[in-house]
Every structure is written in structure tokens, then in C-alpha cells.
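**Student:** Protein sequence lines correspond, in order, to chains A and B. Residue numbers are given in our numbering: position 79 of the first sequence equals residue 82, and the series is strictly consecutive. Residue numbers are given in our numbering: position 77 of the second sequence equals residue 79, and the series is strictly consecutive.
Bear in mind the hints are in silico, worked out from the structure with no lab data behind them. Just to be clear, a hint being listed does not mean it is correct.
What the hints assert, rightly or not - Residues of chain B clear of chain A, computed beta-carbon distances all greater than 12 Å: (1) 31; (2) 72; (3) 94.
As the list claims (entries may be wrong) - Pairs of lysine to aspartate or glutamate, EDC-like flavour, derived with a Cα cap of 20 Å: (4) B:5 <-> A:103; (5) B:5 <-> A:88; (6) B:104 <-> A:103.
Glycine included, every Cβ here is placed at the ideal spot set by N, Cα and C.
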Amino acid sequence: DAMVIQNPRYQVTQFGKPVTLSCSQTLNHNVMYWYQQKSSQAPKLLFHYYDKDFNNEADTPDNFQSRRPNTSFCFLDIRSPGLGDAAMYLCATSLYGGYEQYFGPGTRLTVT
Amino acid sequence: DAKTTQPPSMDCAEGRAANLPCNHSTISGNEYVYWYRQIHSQGPQYIIHGLKNNETNEMASLIITEDRKSSTLILPHATLRDTAVYYCIVRVAGVGSSNTGKLIFGQGTTLQVKP
Numbered sequence: 004d005a006m007v008i009q010n011p012r013y014q015v016t017q018f019g020k021p022v023t024l025s026c027s028q029t030l031n032h033n034v035m036y037w038y039q040q041k042s043s044q045a046p047k048l049l050f051h052y053y054d055k056d057f058n059n060e061a062d063t064p065d066n067f068q069s070r071r072p073n074t075s076f077c078f079l080d081i082r083s084p085g086l087g088d089a090a091m092y093l094c095a096t097s098l099y100g101g102y103e104q105y106f107g108p109g110t111r112l113t114v115t
Numbered sequence: 003d004a005k006t007t008q009p010p011s012m013d014c015a016e017g018r019a020a021n022l023p024c025n026h027s028t029i030s031g032n033e034y035v036y037w038y039r040q041i042h043s044q045g046p047q048y049i050i051h052g053l054k055n056n057e058t059n060e061m062a063s064l065i066i067t068e069d070r071k072s073s074t075l076i077l078p079h080a081t082l083r084d085t086a087v088y089y090c091i092v093r094v095a096g097v098g099s100s101n102t103g104k105l106i107f108g109q110g111t112t113l114q115v116k117p
């Protein structure tokens with residue numbers, strides 16, 4: 004089945020130690036999104052790629068970066084994780100910007 | 003900020019219809035109403051969307067009022083697996099380079115389906 008895959012499902016990192024989260028998709032969708040969801044809160048968009056074009060949200064901290072080397076893969080890099088970055092990170096895809104989004108299962112990040 | 007208002011929580015008996023309301027009084031003419039749900043510890047799942055006509059699919063029905071200022075998501079026969087947070091979102095749909103497809107989630111309605 005076509006799907007959105009996130010690895011790992013659980014990630015533990017140390018304060019200040021760079022970490023990379025991975026997302027892949029078999030849907031061949033043009034758009035890939037990264038959302039952050041903190042405990043008991045709604046998901047919040049960090050940034051997205053429309054094909055190779057990167058679009059950052061205005062309030063996304065510089066500590067968060069992203070790479071999309073090809074259509075199928077997208078990475079979320081957190082350069083120096085702080086305790087406040089502990090959250091569920093959700094990857095989503097859509098065929099075009101205005102179409103429905105398909106979400107992966109998320110990666111739960113713990114910062115110690 | 004989210005452009006919708008939903009009750010924070012609702013209960014429903016298993017096998018009964020669950021009717022989840024949403025207010026979106028400032029909706030624009032080109033904005034659609036989308037519904038997603040998020041089962042605990044999973045990613046959100048698309049349910050249904052509509053512009054002004056009522057819509058139905060295998061998961062749910064969407065009833066939009068004539069003035070488009072509110073809508074209701076109907077799960078016709080709720081099961082325990084329908085227990086989740088349900089998000090009502092309004093946004094512009096359709097293809098276009100200026101349409102990022104951004105979803106702005108509000109706090110949603112936590113639906114608890116009880117045996």
C-alpha cells in the first residue's frame with residue numbers, strides 16, 4: 004500500500020546533540036510537510052517543500068532545518084535540541100498544495 | 003489562529019450516530035471545510051471535505067449550513083475505534099502555486115465512544 008513512513012518512531016537525544024528525523028513516501032506526492040505537535044496541543048506546521056521549493060513558516064526557529072534530496076524523502080534536522088523541542092514530529096504529503104494531506108505515524112522525540 | 007470553533011469534548015454511545023459541530027462564521031467564499039481526526043499516538047487522518055453541498059463518503063457525512071457559517075460531521079454508527087480528536091479546518095483548496103495547503107489546527111473535539 005502507498006504510504007507515508009517515518010523513522011524512527013521514537014528518538015531519544017541529548018540536549019544540544021543534533022538529531023535527524025526521516026520521512027519517506029510512496030505516494031509520489033509533490034508536497035511534503037513537517038508538523039510539530041507538543042503534548043496535549045494541536046499539530047503546528049514548521050515548513051514544507053513544494054517539489055524542491057522550501058517554504059518556512061515565519062515562526063519556525065532557526066534551530067529547525069529540512070532537506071528534500073528527492074521526491075520520496077524528506078528530513079527534519081534539529082541542530083541543537085532543547086528540552087522545549089520534545090514533541091511528536093509529523094510528516095505529511097499531498098499531491099498538490101490544496102489537496103488532502105496524508106500523515107505518517109509520527110516520530111516522538113525525547114530530549115534528555 | 004484557527005478559524006473554527008469546536009466543543010472541547012463529546013461522548014457518544016457505541017452504535018449511535020456521532021454528530022460533531024463546528025462553527026466557522028468567518029469562512030471565505032473560496033474556503034472549504036475539512037475534517038481530520040487523530041487517534042491517540044497516531045498521525046492525523048483525513049476524513050472528508052466540502053465547499054457548500056453536503057458530502058458523504060465511506061467514513062462520514064458532512065452537513066454544511068446554507069450560509070456556510072457552520073457544519074456538522076456525522077459518523078453514522080460510531081464504534082470504539084472512532085474515539086479520537088476531531089479537527090475541523092477551513093482552508094482554500096485546489097491547485098495553485100500560491101496555495102500551500104497549510105492546515106491550521108485548532109484544539110479540536112475529543113470524541114469518546116462508550117460501550
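**Student:** Against each hint, give a clear statement of whether it holds in the structure.
**Tutor:** Consistency of the hints with the structure:
Residue-level check passed: residue 31 of chain B sits 15 Å from the nearest beta carbon of chain A, beyond 12 Å. For residue 72 of chain B, the shortest C-beta to C-beta distance to chain A comes to about 20 Å, beyond the 12 Å cut-off, and the non-interface label holds. The non-interface label for residue 94 of chain B is inconsistent with chain A: the shortest C-beta to C-beta separation is roughly 6 Å, within 12 Å. For the hint linking residue 5 of chain B to residue 103 of chain A, the alpha-carbon distance of about 18 Å falls within 20 Å, and the restraint holds.
Using a Cα cut-off of 20 Å, the hinted pair residue 5 of chain B and residue 88 of chain A is violated, with the two alpha carbons roughly 26 Å apart. Under the criterion of a C-alpha separation no larger than 20 Å, the hint pairing residue 104 of chain B with residue 103 of chain A is consistent with the structure, at around 10 Å.
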